[in-house]
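Undergrad: The residues making up each chain are set out below.
Number of protein chains: 4
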Amino acid sequence: MSNSFGTLFRITTWGESHGKAIGVVVDGCPAGLELGGEDVQRELDKRAPGQSEVTSPRKEADKAEILSGVFEGKTTGTPISMVICNKDADSSKYEKIKHLLRPGHADFTYQVKYGFRDYRGGGRSSARETAARVAAGAIAKKLLAKHGITIIAYVREIAGIKATKIDFKEVYKNDVRCPDRNAAKKMEHAILKAKNSGDSVGGICEIIALNAPAGLGKPIYNKLESDLGSAILGINAVKGVEFGAGFELAKMKGSRSNDEFIVKNNKITTKTNNHGGILGGISTGMPIVIRAVVKPASSILKKQHTINYKTMKQETISVEGRHDPATIVRFPPIAEAMAAIVLADHMLMAGKINPDKLIK
Amino acid sequence: MSNSFGTLFRITTWGESHGKAIGVVVDGCPAGLELGGEDVQRELDKRAPGQSEVTSPRKEADKAEILSGVFEGKTTGTPISMVICNKDADSSKYEKIKHLLRPGHADFTYQVKYGFRDYRGGGRSSARETAARVAAGAIAKKLLAKHGITIIAYVREIAGIKATKIDFKEVYKNDVRCPDRNAAKKMEHAILKAKNSGDSVGGICEIIALNAPAGLGKPIYNKLESDLGSAILGINAVKGVEFGAGFELAKMKGSRSNDEFIVKNNKITTKTNNHGGILGGISTGMPIVIRAVVKPASSILKKQHTINYKTMKQETISVEGRHDPATIVRFPPIAEAMAAIVLADHMLMAGKINPDKLIK
Amino acid sequence: MSNSFGTLFRITTWGESHGKAIGVVVDGCPAGLELGGEDVQRELDKRAPGQSEVTSPRKEADKAEILSGVFEGKTTGTPISMVICNKDADSSKYEKIKHLLRPGHADFTYQVKYGFRDYRGGGRSSARETAARVAAGAIAKKLLAKHGITIIAYVREIAGIKATKIDFKEVYKNDVRCPDRNAAKKMEHAILKAKNSGDSVGGICEIIALNAPAGLGKPIYNKLESDLGSAILGINAVKGVEFGAGFELAKMKGSRSNDEFIVKNNKITTKTNNHGGILGGISTGMPIVIRAVVKPASSILKKQHTINYKTMKQETISVEGRHDPATIVRFPPIAEAMAAIVLADHMLMAGKINPDKLIK
Amino acid sequence: MSNSFGTLFRITTWGESHGKAIGVVVDGCPAGLELGGEDVQRELDKRAPGQSEVTSPRKEADKAEILSGVFEGKTTGTPISMVICNKDADSSKYEKIKHLLRPGHADFTYQVKYGFRDYRGGGRSSARETAARVAAGAIAKKLLAKHGITIIAYVREIAGIKATKIDFKEVYKNDVRCPDRNAAKKMEHAILKAKNSGDSVGGICEIIALNAPAGLGKPIYNKLESDLGSAILGINAVKGVEFGAGFELAKMKGSRSNDEFIVKNNKITTKTNNHGGILGGISTGMPIVIRAVVKPASSILKKQHTINYKTMKQETISVEGRHDPATIVRFPPIAEAMAAIVLADHMLMAGKINPDKLIK
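Residue numbers (our numbering), protein chains in the order written: chain A, 262 to 621; chain B, 262 to 621; chain C, 262 to 621; chain D, 262 to 621.
Take the hints with a grain of salt, since some may be wrong.
One copy or two, either will do: identical chains are not told apart, so a pair holds if it fits within one copy or between any two.
List time: in silico SDA-like cross-link candidates among lysine to any residue, alpha-carbon distance up to 25 Å [to be verified]: (1) Lys354 / Gly409; (2) Lys574 / Ser516; (3) Lys613 / Ser458; (4) Lys335 / Glu581; (5) Lys564 / Glu509.
These aren't lab readings, by the way, just hints derived from the structure by calculation.
Source: prediction; values computed, not measured.
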């Protein structure tokens, strides 16, 4: 497997859904950053399920414990290890379907690839692993904040309903993490409707990085789009990613898609942002704008045909349990975390954060 | 910079648009693969401009010379170095605009990042570098072909005109690399119309990998989507990438997006392919389906406002020269190359190609 | 920092001497390997102090807990996380000398590099971290054993006293891990003599890998000597490494140092082993022979001059506490672990262990 | 294979001894460094054979051509590609012995590993490849010189004869690259004596880095000893490496091997340098001192027994041709190059060279 991500700011995650614990080691955070459990908790709480009717009623009051790398309230430059214990989970329902390949899930591919798997709750392929990313991202976000960079993600579209107003302050005021209060209500309604019919919905998340300096990104093969794209596409259920005007560019003319350069506050910038803050793989200083599509949750109550891989016979499956009808709703903090990790890494690689300079 | 890509099958490219040469070193190809200049030339010819009215009339009869790694017509397992000499290019037109930031180009970001750049023809940021990728991809494609895997890319959409029929045999019969003969004609027309008004158009390319075995991909952080996405997003002008049903998944229900497992020819597969051949970051054995959006060419004759970074004053620019009005048309062989490199790498990483076993 | 090691078989360690815990994440072990806590414990016990008069009387009954990657007694191919809790350690004696730079230790360089450090017990620079390596090495050793490869390390020389007989069975029968019973007694005596005068001694460890197949190693830059050398030189207190005849080669003629090729049991091998099992950076199938020099323990009771980095004044230091007078004695299991990790990695990279094939 | 070395300052070499050319791509040199062919030539000339009776009489007037990455006499931050054309070499003498495994050479291991090889002149395993490293090292050395760091390597011992005086100015005044004029004469004599009897000799090279700042090195796994050791052990014929007092430490007491800290010119440093400028894997600011043992040249005229791998029968071999009787003599510039590459990489990784800041 490949469970590490990043070059100079680097995370390594581990753990299965129904194992003893999950966790992450963060390597490359410079010394001197004030860091406490509460910094990590704040982000974990944003991801936690059981917060509303539109998410799984499971209670995962994830608590991350910092086991290393922090001394007297500050990072020391050494690796920061965090562990989140798993609650005793009831694995019995997985026992029954352990030979049935849940459609849309990774059961089949893990079975083919590894020949042996922890089938309980998806094991390593479970979205539970993303809690470890969120914990790591909390550190990246704090490091970036020290350098004036903010990252915010929110739900842009669910089940065809689009947010038309972007008010950052609204995002965490509603259960669907939408920056548009009216759209949020419609989205909630759509989710509940799907849930009640044993079904699920997909959506689009938008991630914005504000105040990232011009000059981040390493062409030719670690362009900012490549690394951010790789990070976001690596999150469970993501099947597409776009930057700036994205797929709309297919329909534009060059005279419209090109963003004119202008001078503003004595600095060169662009008038519009079809380029999503990145040109030639390098940040321009404009907001970095990313969108990701999250497929509908694969675990649905509705009956589906599938195969029992032991018998090679067709069977019918109904994935019981307390599943999220719209995983997109829990996606924004995970996307923020991964984007933050990439940007922290690039800040280091571009020499804008000095790895060996004490943060004050 | 970061000019290497891949882990076990690894390429390193170099060279500027108006420098002496460009080239690539391919490391990790096993010994015994029959390889000659003609294998590389075939792919380079697919990328070459000057083939029709819809591309730049520049003649770049790229010839790659293999300088190492091949002995008696076969690879030896050692690095394969290829060089493509640049023709004497007229750099004078770039001299005039060397302080003007061409909108949509990387002039600004390279200037900010490196403080000094070879401004002639875009230097390292030029799409000319992609010829080196195509040369490397030719080797990857040949290696994959030995294992039954084929990769084909084509234009799916230009200026809002979509291919509705997919006939692989049509792709290289028309100038726009479209698998739908009728759509191709409309696309050509749209390109010429834009060209005549000094403008350019964008489009969407679809890349298909056939017969890739189930089991490729390394979760959690080198999922197939992450690595393919990173590779495709690293190609000039790409601003988005999607897999399978892609952004359409935002509007689907889970009961529809989930692909049912079935048994076919005694093998487990899926009935539909909304997952684009990848589940949990690992290939399922179904065709791998990728789409990328290519923005309209940035070099346009039409006047645009921009900034002179020496004077910090606004000026007007008209990018003269023989530019492509639709770079998307030359994109498919580059996309094929990058996808092939990723899949060759993953075939090695999954133990499906043995790095130390002589190919016969 | 850089706390990961390896390419396909990869470890990431974390933790400080006097922190809550130390640990390691092992990534890349194929699925199906039987693995239990006792496999890891056996190796940890070999490294533990407090086993005799020639080591520190500290009791570190290290217990590693496996938190992930193992299901129903077998590895699943997912990352294996192990945690070793630190006993409550008395940090008060470090408090007194926290501004004094202990000669031979990393206090000065960590202070200079990071600007802030956990000074208790050496923090991250402590040899305590090597327990995590030993835990990871236990897995590598078990994986190698499945493929017939054995690794054994022992003390070859202490304080000028050399082992002249190599009897593997003797190694763990004496307290100094020496394969020569008579030499062992003299070594013990020398250590105790140094200890009683508040001093310490150095030595040489020899590491042998038996039955490694011909063909391991990746020239030009990951030759087996490079990777084994890097691994061994990365262990605390090591200041030199040599292979086969090593530094003696400086005095030899080519006609003597060249090992003649012969045929034995129908296989090509060499008559002698001055090359230490590696030619051109690739294993030949002969025993791989490595020697490492371990400097005398830096923590000594004897008074030494040093600098207080706060006051920049000279002071005298006597490093109190229960320190090892001869760290070399605890070195062999650590060296075995690191050598095993390198060889497991190269077995995977050479395609001799298939990463995706279930071990049976 | 693995033909790339380094993380942020990274080289990729390619080419076979009797192929068309050899070369290197250097990635990661910041923009603005003045660089011309003469900078590279100077180093290549130090390595060239045919300079005296003690080296091969072959004439390899290597000329490196810079193909990219330099514009108007300065680096641009993009990859620097250099090519050295091979002279037409007579491969006929290798034709005769192509199935004979030359003792001490990599013929056997390359044959076993890759199953197919370019046997002419050793192909990729030839020391000819080191010319590419020297070319890359020239850039690293120039970059380090800009930051006040100098690297010098010289022959410390040949055939048991040791240099007892270290006068840097003498090194390139004699044919054996020895800093001790008297020892040099004896060494030359020993080499010629061996040569006349169809034999060869080995030796020890010492490499010193002056003015490297304190703080370089990335514990735990990229300690300076690990990375320098890996680099030096990767050079052909090296079988051991040591730092500071090296293997002598095995015989020392801690009270002697520990280097006392002192204050000098208001800076903390050490009184002695048994630690070779590195503590805890991090540079202390003292001279970095490395020694490497180079085995006697494997190609000797004297008859040796070996195996024909086609017939599996014993045969006798006498390696004819114009070979170096003491490859150690040509080793110092290669060692300087590799040490310089490691230190340049670590200067970047420690934030002491900013990758994105124009050098002035």
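Undergrad: Please go over all the hints and tell whether each is borne out by the structure.
TA: Results of checking the hints against the structure:
Neither within a single protomer nor between protomers do Lys354 and Gly409 lie at most 25 Å apart by alpha-carbon distance, with minima of 47 Å and 40 Å respectively. For a Cα distance limit of 25 Å, the shortest separation of Lys574 from Ser516 across copies, 21 Å, qualifies, whereas the shortest one inside one copy, 57 Å, does not. Within a single copy, Lys613 and Ser458 get their C-alpha atoms no closer than 51 Å, and across copies no closer than 43 Å, so neither meets the 25 Å cut-off. Taking identical chains as interchangeable, the C-alpha atoms of Lys335 and Glu581 are never at most 25 Å apart, the minima being 44 Å within one chain and 28 Å between chains.
In the homo-oligomer, the alpha carbons of Lys564 and Glu509 lie at most 25 Å apart only across protomers (23 Å), although the nearest pairing inside one protomer, at 36 Å, exceeds that limit.
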